[in-house]
Amino acid sequence: MITIKFFSTLKKYNNDKDTLIIDIKNAEKIKDILELFTFIPGELGVILLNSELAIEDTRLKDGDLIELFPIFGGG
Amino acid sequence: MNYGFLGKIIRINLSDKSINIEKPDEIFYRTYMGGKGFIAHYLLKEVKANIDPLGEENKLIIAAGILTGLPVAGVPRFAVGAKSPLTGGYGQSEAGGFWGPELKKAGYDGIIIEGKSSIPVYIYINDDKIEIRSAKVIWGMETGDSQEAIFRELKDKSVKVLQIGPAGENLVKYACILNGLKHANGRNGLGAVMGSKGLRAVVVKGTKKIPFHDNERISKIGKSFLSYYMKNPLTRGLYEYGTVAGIMSNNAGGILPTRNFNDGEFDNAENISAEKMVDTILKKRVGCYACAVRCKRKVEVQTKDIKVEGKYGGPEYETVASFGSLCGNDNLEIIAKANELCNRLGMDTISAGMTVAFAMECFENGILNEDDFDGTNFSYGNQEAILDMINRIAKREGIGNILAEGSEAAAKIIGKGCGEFVLCVKGQELAMHEPRGKVGVGIGYAVCETGADHMVIGHDTLFGKTGFTLDSVKPFGILEPVDTVDLSWKKIRIFVYLQRWWSFFNMAGICNFVPVPRGAMPVSDVVELVKAATGWETSLWELMTAGERAINMARLFNLREGFTSDDDTLPDRLFGGLKKGRLKGNYILREDFKEAISTYYSMMGWDEKGVPTKGKLLELNISPEYF
Ligand code: SF4
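Line by line, the protein sequences are chains G and P.
The C-terminal residue of the first sequence carries number 75 in my numbering, and the numbering is unbroken.
The C-terminal residue of the second sequence carries number 627 in my numbering, and the numbering is unbroken.
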């Protein structure tokens, strides 16, 4: 089981809900999860895995929490 | 026939009450365009070196841009400039809202205000009629009351009111100028310059049509923006969540300024998030003249203890961070109240929040104590104390009188080593962006002519990886991502290109949330808009060069005032590690930063001391009379 939390505009990829729990067998890396969605390239900003900064190549294990934040450019 | 600009600038002298209309030629407009270009030109040419910013000799320049008032999204802006009482250097601040387009509808591109009135006055411009009227009745009022009084006096609620509040009258060094009670020329203390002139407001009514060269083409570009801005994650985000969306994103990245820039993460960030705002106090998404993005917020609070009126707008990211995480305050209603108070009293929310946070750190370290705050505990997170202090600063009461000078000047008065708690560049407080995670923002803080300013270029996150934001700047030749903490020449190259682009926005009256890379309008459409508005056969090259010209002229002003390359640096705290958050320990290496500034100078065609070379100035068509 992997829990994904979507922040602000990214919620639209999860029917406007914050949290999605998925049971996925073959996900080795965060990017395998991200591929399930149709994010626009560059749309994702910070990615956290279990509260630590992560990148798309960070490895996953059962029970992980991924938090996804949209890009923010100042202002 | 002029297109885009009206060809008329008002000159008003408040000492002798003279009013004149000047008519610069088209070459003037094509060279300086408006905003920063006009301001730099008039300040350099007409304001003597080393004058008192709050004296009669300072001039207040109000300048719309070449595109201001265009009926498309994102061109409502105008700039105000003068020698800044906060920095002692080139002062300038921009605002959106509805006032700039109204000035152009009245038939003018700008106003030069000189001298000083012996009694409080306001200026009333009603198309061709321009009057200096007594402001005796409104002097001392909060902005909401004075706007109502002006409506009553003129028997017209449709006039657009640009005004200072009590903070400007009391010469608070970071007093702002507001239009429509919520759109602020916030930075650099220009409200104090207005106050020093006895000028409470500039009220405009314009009923004419601004002439544009090709209205059909303009409408086509405007419509095409409408067809795609909701598909762009950045502009869509601005509409849905406003700039406040930055709270959670920055907090996650370890770059949310917290407890006076000690930390990069705030424990209760979700309590002050955009989501929280949407779920609780948000009443409406609002915006500026003709702009569909509507990134601004109207909030209301009605509780037993706190009432916030919607007419004062709502806090944006900067304000939520400056009165929130920066002061250790996780109460969104208190932040909304702090924002309302600053708008009622006429103070910049960034410098005000930063100065309060500075005082809190002084208190935490025993440099100031409860006696200094009338028995109040002024540690981080004391919500009531924040609101109380905003009032005291605006009215210059007790320690508020010292804090009204700005944190850098206040630290010199307080002494006891509290200078290390000051986070300023050239005397102006940092905005709510953390250079230890976005180093390009640090370059911007260091070299910006107005002191620490976050609106100098697009932030590092926009070019840190591949994707739609990087794609959007490929027309500049920016083809590869550069990491957010990379300070090499690759970052500086991006910086110098985009600084020119941003500088041009300012001169044109463009909001940087609409064009790429922070917005959605492509580079080519922006150039097309200038062509369609003015009828000039222009190019990206000419517009970028105009932007560069204004940067260099503002630089010349500061050099004349005695600023040196030593002033192009960052506060010491940023050369040490962040104390908390996901970037804990991150710091900027002083030597790397110096090297980056030196690279910047050479890319700009400036010498090693940061002085523009004669060749560069002449190439930019800045004639020797300016230097
Ligand atoms: S994007 Fe926001 S700040 Fe910019 S013009 Fe539109 S409403 Fe105003």
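Misleading hints may appear alongside valid ones.
[Stated by the list, open to error] With a cut-off of at most 27 Å between alpha-carbon atoms, the simulated DSSO-like pairs for lysine-lysine come out as follows: (1) P:Lys616 x P:Lys594; (2) G:Lys31 x P:Lys584; (3) P:Lys490 x P:Lys416; (4) P:Lys490 x P:Lys298; (5) G:Lys12 x P:Lys594; (6) G:Lys5 x P:Lys23; (7) P:Lys416 x P:Lys395; (8) G:Lys17 x P:Lys231; (9) P:Lys231 x P:Lys205; (10) P:Lys284 x G:Lys11; (11) G:Lys11 x P:Lys416; (12) P:Lys609 x P:Lys579; (13) G:Lys12 x P:Lys395; (14) P:Lys48 x G:Lys12; (15) G:Lys17 x P:Lys416.
Derived from the structure by calculation, the hints contain no laboratory data.
- Query: Which numbered conditions among the earlier hints are violated in the structure presented, ordered from lowest to highest?
  - Reply: 3, 4, 5, 6, 9, 11, 12, 13, 14, 15
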